[in-house]
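Chains as they are written, first to last, in my numbering: chain A, 1 to 256; chain B, 257 to 639.
These are computed hints drawn from the structure, not numbers from a lab. A few of these clues could be false.
[What the hints assert, rightly or not] Under the rule of at most 30 angstroms between Cα atoms (straight-line distance), these lysine-lysine pairs were calculated in the BS3-like manner:
(1) A:K196 <-> A:K105
(2) B:K449 <-> B:K401
(3) A:K16 <-> B:K449
(4) B:K459 <-> B:K281
(5) A:K106 <-> A:K48
(6) A:K196 <-> B:K459
(7) A:K193 <-> B:K449
(8) A:K193 <-> B:K559
(9) B:K401 <-> A:K18
[What the hints assert, rightly or not] Stretch-level coverage of chain A by chain B, calculated; a stretch enters the list once three of its residues show a Cβ under 8 angstroms from a Cβ in chain B:
(10) 180-186
(11) 189-201
[Stated by the list, open to error] If you want a taste of the chain B side facing chain A, the calculated C-beta under 8 angstroms gives, among others:
(12) E263
(13) E264
(14) W268
(15) H273
(16) D274
(17) A277
No residue lacks a Cβ here, since even glycine has one placed at the ideal position from N, Cα and C.
One-letter residues, chain by chain:
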Amino acid sequence: MKIIACIKQVPDSEAKVKAENGQITWGEAPLVINPFDEYAVEGALQQKEALGGTVAAVCIGPESAKEALKHALAMGSDQAILISDPALSILDTAGAARVLAAAVKKIGDADMVVFGRQTLDDGTGLTAAQTARALGWPMLGLAGQIKVDGGSVQIERVTEEGRQSLKGKLPAVLSVVQSIGEPRYPSFMGIRKASKAEIPVWTLADLGIAAPETVVKRLEIVTPPARETVVEIIGGETPAQIAEQLADKVLAEKVL
Amino acid sequence: MDFDLNEEQKAWKRTVHDFVAKVVKPRAQEVDEREEFNWEAVRKGGPLGLLGMNIPEEYGGSNVDMISSTIAMEELGWGCGSTALAFTAHNGLGTAPLTRYGSEELKQKWLPLVADGKGNLGSLALTEPGAGSDIQGGVTCRAEKQGGDWVINGAKMWCTNAGIAEYIITLVRTDAKGGSKSLSMILVPTGSKGLVIDPAEKKMGLRGSPTHGVHYENVRVPLGYLVGEEGRGMHQTLATLDAGRISIGGISVGLAVAALEAAVNYARERYAFGKPISEFQATQFKLSNMATEIEVARTMLHKAAWLKDQGRPFNKEAAMAKLFATEMAERVCYDAIQIHGGNGYSRDFHVERMYRDARLMTIGEGTSEIQRLVIARHVLSTE
Ligand SMILES: Cc1cc2nc3c(=O)[nH]c(=O)nc-3n(C[C@H](O)[C@H](O)[C@H](O)COP(=O)(O)OP(=O)(O)OC[C@H]3O[C@@H](n4cnc5c(N)ncnc54)[C@H](O)[C@@H]3O)c2cc1C
């Protein structure tokens with residue numbers, strides 16, 4: 001199995017993200033691997049362990065995004081590639097998908113491309129499906145379980161309504177959700193390997209494509225207004241009384 | 257001169273911090289209260305490399321440098337003193353002498369078993385009911401050769417991890433005449449016939465780390481279970497403790513960092529006389545002293561660890577760092593309780609546990625007095 005995990009680097013979930021002069025800023029907060037993508041790497045590594053093969057992690061981003069790739073290497077990925085080009089500083093999901101599809105083709109012979117369900121920053125959850133389309137491969141989204149059987153892959157899709165079983169031909173694109181299992185911690189041995197790794201940087205010229213046109217334009221970036229919240233502590237003699245009061249409040253506030 | 261951690265050490269610190277924040281710190285209060293060991297930390301910490309820090313990769317270890325090992329102990333201490341002590345006793349005492357002095361056969365058989373976190377841990381028994389600081393003069397536990405075996409008789413005290421260990425490396429008298437060449441280390445599997453491990457001691461702190469008395473009644477192990485050379489036990493013990501001291505210092509820094517964090521948070525939230533107590537200079541000065549002392553201790557520890565990694569002598573620096581870091585941790589925890597007022601004395605707040613945990617650090621792996629003896633020897637040395 002040759003598996004490619006597509007990952008992104010995002011500001012840490014603790015970061016205080018806000019708009020400043022039409023730009024998004026997150027202060028001094030560190031940049032980390034998109035937490036949802038850790039599940040993608042975990043899913044990829046599980047398949048590698050079950051079937052043998054390799055996992056390559058791919059990321060579009062600036063030089064600093066090598067840190068996210070090193071995390072994927074430290075978790076156990078075999079290879080990491082950074083795609084970086086000044087022309088990619090403004091990129092929408094359709095554009096990213098085109099670039100990733102070109103990278104998948106350049107790597108060659110991939111059986112499976114995995115994504116996290118969405119990113120922590122933009123949160124569209126679109127890139128996986130758009131990459132599948134750009135490659136012309138089947139898209140199996142929101143996989144909580146992955147099972148490869150010969151030339152096909154079966155997943156259990158986790159939705160709010162329940163679980164669906166889906167089957168598709170390989171090569172395929174998958175997005176992975178939390179039910180795949182807790183992402184493993186990098187081991188010291190993995191960290192040692194990752195810190196020594198030379199991560200190649202591919203430009204658009206290396207991929208043989210022109211800068212993709214962005215179809216989505218950001219007209220304005222504003223910080224959402226602060227929400228007014230009130231804290232009320234519900235008292236009562238017994239748990240039953242407290243629960244009753246809480247239920248009344250919930251109904252009165254029309255939360256349910 | 258360079259005070260920065262390298263890339264590998266930075267990534268390791270982040271990883272161990274995340275691990276401790278998720279798996280160790282949330283259970284610290286509970287393991288102390290119930291006197292339970294945090295097995296999940298072992299099961300999940302093994303694959304990270306936290307149980308093989310002194311074990312080469314070919315035996316399943318991670319073989320980290322001393323700086324990385326110190327960082328790991330700081331993070332573990334920040335999360336839970338009990339779990340940190342169990343980990344350092346395993347790494348520094350239970351596995352380091354085996355890696356350093358053990359025969360190929362012993363290493364192949366025992367190291368992989370305790371490195372991956374699937375099984376039990378390692379432990380080292382030096383202290384006896386009648387021998388602590390004075391190991392050389394006091395050890396009465398003895399081993400005699402009979403046929404192809406060592407036959408061991410005697411008693412040990414205060415053995416961390418004995419009840420959750422795969423083996424106990426036991427310091428024994430192998431030459432009844434005494435002297436500095438009369439002690440040896442022998443690996444004793446915990447399943448051995450005649451080995452009795454007492455129930456865990458009832459302790460003031462570190463209650464989630466089991467410590468046991470151990471009795472040896474005609475315990476037989478093969479001659480090949482000698483760790484290192486016959487008669488070199490004292491020398492091996494002193495070398496083992498040198499590195500162990502840096503780790504105990506690391507736990508102390510971790511405990512102090514946690515206490516300072518708790519104190520800062522509390523000082524910001526607690527109001528008295530119409531303002532947060534963090535606005536009183538008396539509180540601020542306490543916090544400043546705490547932060548400064550932590551910085552000093554950590555810098556000393558990292559220097560001692562760095563010397564060790566360079567293959568240079570570090571005995572004096574390790575003793576100084578241990579002495580300062582462990583006494584510092586107690587002062588910092590004391591002030592953290594003071595800042596918490598009455599709440600600091602409650603078990604609902606974590607600082608009282610940190611204070612109890614910190615108290616051991618000036619005793620274990622060489623008391624403060626013994627550290628001062630070691631330092632004085634260097635200070636007064638004419639060489
Ligand atoms: C929680 C816990 C875990 C432990 N884990 C282990 C373990 O895993 N393995 C192990 O072998 N041991 C372990 N120990 C034992 C520990 O290392 C000893 O308690 C310590 O070395 C002190 O020895 P002692 O208790 O016999 O005190 P003693 O040696 O009797 O000392 C009593 C007092 O006299 C002072 N003193 C002694 N000699 C001198 C001197 N020459 N000059 C000045 N002052 C002196 C000491 O500093 C101390 O204040 C553990 C202890 C505890 C409490």
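Task: Agreement of K459 of chain B and K281 of chain B with the hint, judged by alpha carbon distance not exceeding 30 angstroms - done: Cα-Cα ~20 angstroms, so holds.
- [ ] Would you settle whether the hint for A277 of chain B is holds or violated, based on the nearest Cβ-Cβ distance to chain A being less than 8 angstroms?
- [x] violated (11 angstroms)
Open item on the list: Does D274 of chain B hold up as a contact with chain A if the rule is Cβ-Cβ below 8 angstroms?
Closed with: This interface hint holds because 7 angstroms falls under the 8 angstroms limit.
- [ ] Below or equal to 30 angstroms on CA atoms is what counts here, so check K193 of chain A against K559 of chain B.
- [x] Holds: K193 of chain A and K559 of chain B sit about 25 angstroms apart, inside 30 angstroms.
- [ ] Decide if the proposed pair is consistent with the structure: K401 of chain B and K18 of chain A, CA atoms, cutoff 30 angstroms inclusive.
- [x] violated (74 angstroms)
TODO: Below or equal to 30 angstroms on CA atoms is what counts here, so check K449 of chain B against K401 of chain B.
DONE: holds (17 angstroms)
Task: Outcome, coverage hint (the region 189-201 of chain A, chain B; C-beta under 8 angstroms; three residues) - done: Contact hint for the region 189-201 of chain A vs chain B: holds, 5 residues under 8 angstroms.
- [ ] Compare the distance between the alpha carbons of K196 of chain A and K105 of chain A with 30 angstroms, and conclude whether the hinted pair is satisfied.
- [x] holds (27 angstroms)
Task: Pair hint K193 of chain A and K449 of chain B, alpha-carbon separation not exceeding 30 angstroms - done: Violated, because 44 angstroms separates the two Cα atoms, which is more than 30 angstroms.
Open item on the list: Using the nearest Cβ pair, does H273 of chain B come within less than 8 angstroms of chain A?
Closed with: violated (11 angstroms)
Task: Per-residue hint verdict: W268 of chain B, partner chain A, C-beta under 8 angstroms - done: holds (5 angstroms)
- [ ] Against chain A, run the beta carbon of E263 of chain B and see if the smallest gap drops under 8 angstroms.
- [x] Hint on E263 of chain B: holds, closest Cβ of chain A at ~5 angstroms, below 8 angstroms.
Checked against the numbered hints listed earlier, the structure breaks hints 3, 6, 7, 9, 15 and 17; every other hint is satisfied.
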